[in-house]
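Q: We have chain A already, so just place chain G on it with the hints.
Protein chains: 2
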Amino acid sequence: MSPVDLSLPFACPLPISDYPTVLLAHGGGGRLSHQLIDKVFAKAFANELLAPMHDGAVMRVPAGRIAMSTDSFVVKPLFFPGGNIGELAVCGTVNDLAMCGATPMWLTAGYILEEGLSMETLWRVASSMRQAADQAGVKIVTGDTKVVDRGKGDGIFINTAGVGLIPEGIEVAPLRMAAGDVVLLSGDIGRHGVAILSVRDGLSFESELQSDAAPLNGLVTSLLTAVGNDVHVLRDPTRGGVASALCELASAAKLGVEIHEKAIPVRDAVRGACEMLGLDPLYVANEGKLVAFVKKERADEALAALRAHPLGTEASIIGQVTAEHPGRVVMKSGMGGKRVIEMMSGEQLPRIC
Amino acid sequence: MSPVDLSLPFACPLPISDYPTVLLAHGGGGRLSHQLIDKVFAKAFANELLAPMHDGAVMRVPAGRIAMSTDSFVVKPLFFPGGNIGELAVCGTVNDLAMCGATPMWLTAGYILEEGLSMETLWRVASSMRQAADQAGVKIVTGDTKVVDRGKGDGIFINTAGVGLIPEGIEVAPLRMAAGDVVLLSGDIGRHGVAILSVRDGLSFESELQSDAAPLNGLVTSLLTAVGNDVHVLRDPTRGGVASALCELASAAKLGVEIHEKAIPVRDAVRGACEMLGLDPLYVANEGKLVAFVKKERADEALAALRAHPLGTEASIIGQVTAEHPGRVVMKSGMGGKRVIEMMSGEQLPRIC
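As given, the protein sequences belong to chains A and G, one line each in that order. Quick note on my numbering: the first sequence kicks off at 9 and runs consecutively. Quick note on my numbering: the second sequence kicks off at 9 and runs consecutively.
So that you can see chain A by itself, here it is in the shape it has in the complex:
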């Protein structure tokens, strides 16, 4: 996803000029709260489901299965190369729903604002959420705003929760992993974490890198359309990176996962930054990648479907599931050696999402 384009009509001009910053009263439920909702959120998100301004939104669903997911976002800084907290908040929940095999439909947005936040920053974030929602084909249908006193928050925290509809016949879940499944990765890893680090206070370094933040529901639809329910498991390797995601799944499914180091794409800039900072790209967060476990016989079709989508052009098969070493992930190095991949311990990169 490209960086926020503030030239779109709804992003300009800033609609509240009388209060340049957020006040405690903007969260008090009175006149200023209503002004904030009317002039910022209702204007940025405008849609027919949000319009009634009720305590909640009402939608019609067909009989079947829904998925629900939630994510809070505390990324620092709020704006980073390739994205911002608003875009991330939409993509994060859209992607969690997509990883359940669901078609993401509706999002809620909960804001915790720090007193003194610039109204312009809030507007840029809200506008960006609208753009990301449009890109993902979802609607933000209801929300909530709280304001905390100066020094008790950090600018903006956003929670999004979402509901998606799961197509008939699709069941994507960790426990469907089976020995023999191939493991696919949709592209190169580590870009989001490194992009954030490149602009951190006291750590900034020159880099052309941009976050890979993107809504993955279109990519998942391509995959499910190609191989249907032979997609067994999907996961977006965010915090903790590809390593932690695979460890978690292997442990849940009580099966072994074998991956091949050479098959995992890493940009030179990411590799360089990681060497400089003492990080392993396998543990660095992504916000626009997925790993897919697919029935072996459908591997080529799955790979072709991923590669045919703009977000999956660099997709590759990175490994397979084995009945050996249940619960463990083992990586074969380029030199032929093997090492056990452990779940991340400690904290590599705080507040990257």
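Keep in mind that the hints were calculated from the coordinates and are not lab data. Predicted model only: the values in this text are computed from it and were never measured. Check the hints yourself; a few may be wrong.
Which copy is meant is left open, so a pair is good if it fits within one copy or across any two.
[As the list claims (entries may be wrong)] The list that follows gives simulated cross-link-like pairs (lysine to any residue, SDA-like), each with its CA atoms no further than 20 Å apart:
hint : residue 1 : residue 2
1    : K47       : K160
2    : K262      : L58
3    : K160      : P70
4    : K84       : K160
5    : K346      : R336
6    : K84       : L32
7    : K160      : E176
8    : K47       : Q328
9    : K270      : M185
10   : K304      : D238
11   : K262      : I45
12   : K340      : I45
13   : K47       : Y27
14   : K84       : E332
15   : K262      : A59
16   : K51       : P318
17   : K304      : M185
18   : K340      : H268
19   : K270      : G236
20   : K346      : A316
21   : K270      : K340
22   : K262      : G344
23   : K47       : L31
24   : K303      : N237
25   : K160      : Q43
26   : K262      : E332
27   : K262      : L31
A: Relative to chain A, chain G alone:
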């Protein structure tokens, strides 16, 4: 709802003894994150929908309408007379769904924890959420945890979002308000706000008052069972109190609302505290009350249904809807005078929910 009973089996003992406080790594997506989820949240909330520990939860729904709602909670202090942030987080979203005429079913829980938070506090809050969810008959089905560095948050912030199912034939919405409707209030007002204020730093005063925080879905079911779709509008008067809720609805429906001061129950202790603090109880938050707009001919049945429920024993008819003064709320005083009730301006009580 009674204060948290920590004697319940799942609330004791504290399940993580090796880390007495929350570390940044508890939000990093690695080993400590998993320990926190397994030992605190999965244990407190245990249910079959949460169990798969996927990126989201999957539920089956019938064809029809669903309601979605969200609320973030930043109440200060975390524990107050009659409740705590966890209980509030469950009741708040349950009540918002109920105000849409929906039967609340599933909640998500998103935590933003401050580094250094006591693990015992977190456990007490999570246990209390489970108790409140049980009381309301809802399940917490998926969640997320982020940790921010010390001084960038304030202990615990919680977001909940929820989904409820709207029964066939029920349509509760601000625009259904009609001239002639009676306005019912389910009990005495202002207790939540005053209970919070009574324990605020630098302001604490002696009071026996407890918050009225409670899940209102049972009360709504009683009302809908009695008078069905002749319930036109429901609203829980939280931030901004009964005054702001009525102003908001009058403005949305473009109708006038007339209320009678004498009909609105206020406890002596609330009235006394409000006089001392210069507050108007009509603007003070409630967390376990509702106002209902009901077709005139069904007023007695509606009142009887509310009073028959433990949370509505003090319910009363407080006014009616009129085609006069559209968009305005007018209160008749005990002395026969009239005054216009304005939406709250400014901030009376920051961070009461």
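Q: List in ascending order the numbers of the hints, as given earlier, that are violated by the structure.
A: 1, 3, 7, 8, 9, 12, 14, 16, 19, 20, 22, 25 and 27
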